[in-house]
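Novice: Residues per chain are reported as follows:
There are 2 protein chains.
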Amino acid sequence: MNGLDRLTALFSKLPGIGKKTAGRLTYHILEGDPSYAELLAEQLLGLHEAIKRCSICGSFTETDPCPICADPGRDSSLLCVVERAQDVRVIEEAKEFQGRFHVLGGLIAPLEGVNPRDLTIGPLLNRVSQNKVQEVILALNPTVEGDTTVLYLQNLLRDFNVEVTRLASGLPVGGDLEYADRLTLARSFRGRVKVTP
Amino acid sequence: MNGLDRLTALFSKLPGIGKKTAGRLTYHILEGDPSYAELLAEQLLGLHEAIKRCSICGSFTETDPCPICADPGRDSSLLCVVERAQDVRVIEEAKEFQGRFHVLGGLIAPLEGVNPRDLTIGPLLNRVSQNKVQEVILALNPTVEGDTTVLYLQNLLRDFNVEVTRLASGLPVGGDLEYADRLTLARSFRGRVKVTP
Chain A
1 MNGLDRLTAL FSKLPGIGKK TAGRLTYHIL EGDPSYAELL AEQLLGLHEA
51 IKRCSICGSF TETDPCPICA DPGRDSSLLC VVERAQDVRV IEEAKEFQGR
101 FHVLGGLIAP LEGVNPRDLT IGPLLNRVSQ NKVQEVILAL NPTVEGDTTV
151 LYLQNLLRDF NVEVTRLASG LPVGGDLEYA DRLTLARSFR GRVKVTP
Chain B
1 MNGLDRLTAL FSKLPGIGKK TAGRLTYHIL EGDPSYAELL AEQLLGLHEA
51 IKRCSICGSF TETDPCPICA DPGRDSSLLC VVERAQDVRV IEEAKEFQGR
101 FHVLGGLIAP LEGVNPRDLT IGPLLNRVSQ NKVQEVILAL NPTVEGDTTV
151 LYLQNLLRDF NVEVTRLASG LPVGGDLEYA DRLTLARSFR GRVKVTP
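Residue numbers (the working numbering), protein chains in the order written: chain A, 1 to 197; chain B, 1 to 197.
To be clear, the hints were calculated from the coordinates, so they are not data collected in a lab.
Warning: the hint list may mix true and false statements.
Which copy is meant is left open, so a pair is good if it fits within one copy or across any two.
[Stated by the list, open to error] Pairs of lysine-lysine residues, derived as BS3-like cross-links and limited to a Cα-Cα distance of at most 27 Å, are as follows: (1) Lys-95 / Lys-194; (2) Lys-52 / Lys-13; (3) Lys-95 / Lys-132; (4) Lys-19 / Lys-52; (5) Lys-95 / Lys-52.
Go ahead and model the full structure; you've got the sequences and the hints to work with.
Specialist: Shown next, in the form of structure tokens:
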């Protein structure tokens, strides 16, 4: 195995990168300026050292607590629970939510060996009980695992004086009824909203 | 811009990697074992030093000449001309061709500023004239640029005592007539072969 094959093998371990794509990436880098390879290597080496998890919300950050947890302007009464750290960025980019975050670290999936104790549910309940949280928004994917986790958290949060909500499920904006699957369509009917004039 | 953003920006410069995919790769590496990032960085740093171009055929190799050019068992009367170094690997994997290779380094594309003098055409003619090459197989893509390059090389090679061929164009194995485009179908008719009983 030479350097080409080793780099290709490493690239093909990344999600969504097959053997062919990995080869294309390797050749692209090889044919390009060595400075690109050096920059990429440098960033890779520094990544785990520079980026840590926020000790409050669990998202990735260079400072602890993260900028969102440290920001006094954010609404502490709203707590948005997400599966993974990268979901925080996706939601931040939508510029709709002004509260705080909590990263669960996964979804309950017993068949894949992910149980409630593997998630940051304890810290979540602590945060809910100690702070003036009024609403917990479960921003979890509308999948079997997401639904299971919503049910589980809903049961636990019943003991606290908080409202528990989840994100609306329905047709994507710009989408087409014709291409919507049966379950999405059913949910969009159940969650239909009044048209205000 | 933090380490996450910088790595994402670098990944998104790779071919076929958009901003979203680049982000997913970065988070995957961040959530994974730091040893993977270190291995990847190491291979990137060593790549350009370890892999050079073969001084005979122009393909990527750790030794010069490359294993194919150095192999006395390969048929020197067959010379396969390819566009890029990675094409050598693709053809080798098909285990059909036992001759030697020549990497052109591109295809003639005047609109993109690639002229014949940018390609290794001089060295190709040298190899053809100095060695006992009997057939030059032009294994170039069946595109406008490929066809242009075939025509150009065909004209030049007319002065030498060699047969010039190109790869058959037609329906892909396992493909479906219904999904073949008009030009491919036309070529597959022109290149139809006798069915031997």
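Novice: Now, for every hint given, state plainly whether the structure supports it.
Specialist: Each hint, compared with the structure:
In this homomeric assembly, Lys-95 and Lys-194 come within 27 Å of each other (Cα to Cα) only inside a single copy, at 24 Å, whereas the closest approach across copies is 65 Å. For a Cα distance limit of 27 Å, the shortest separation of Lys-52 from Lys-13 qualifies both inside one copy, at 23 Å, and across copies, at 25 Å. For the homomeric pair Lys-95 and Lys-132, the shortest alpha-carbon distance inside one copy (23 Å) is at most 27 Å, but the shortest distance between copies (69 Å) is not. Taking the shortest alpha-carbon separations for Lys-19 and Lys-52, only the inter-copy value of 22 Å comes in at or below 27 Å, while the best intra-copy value is 31 Å.
Proximity of Lys-95 and Lys-52 under a CA criterion of 27 Å is satisfied intra-copy only: 24 Å inside one chain copy versus 48 Å between copies.
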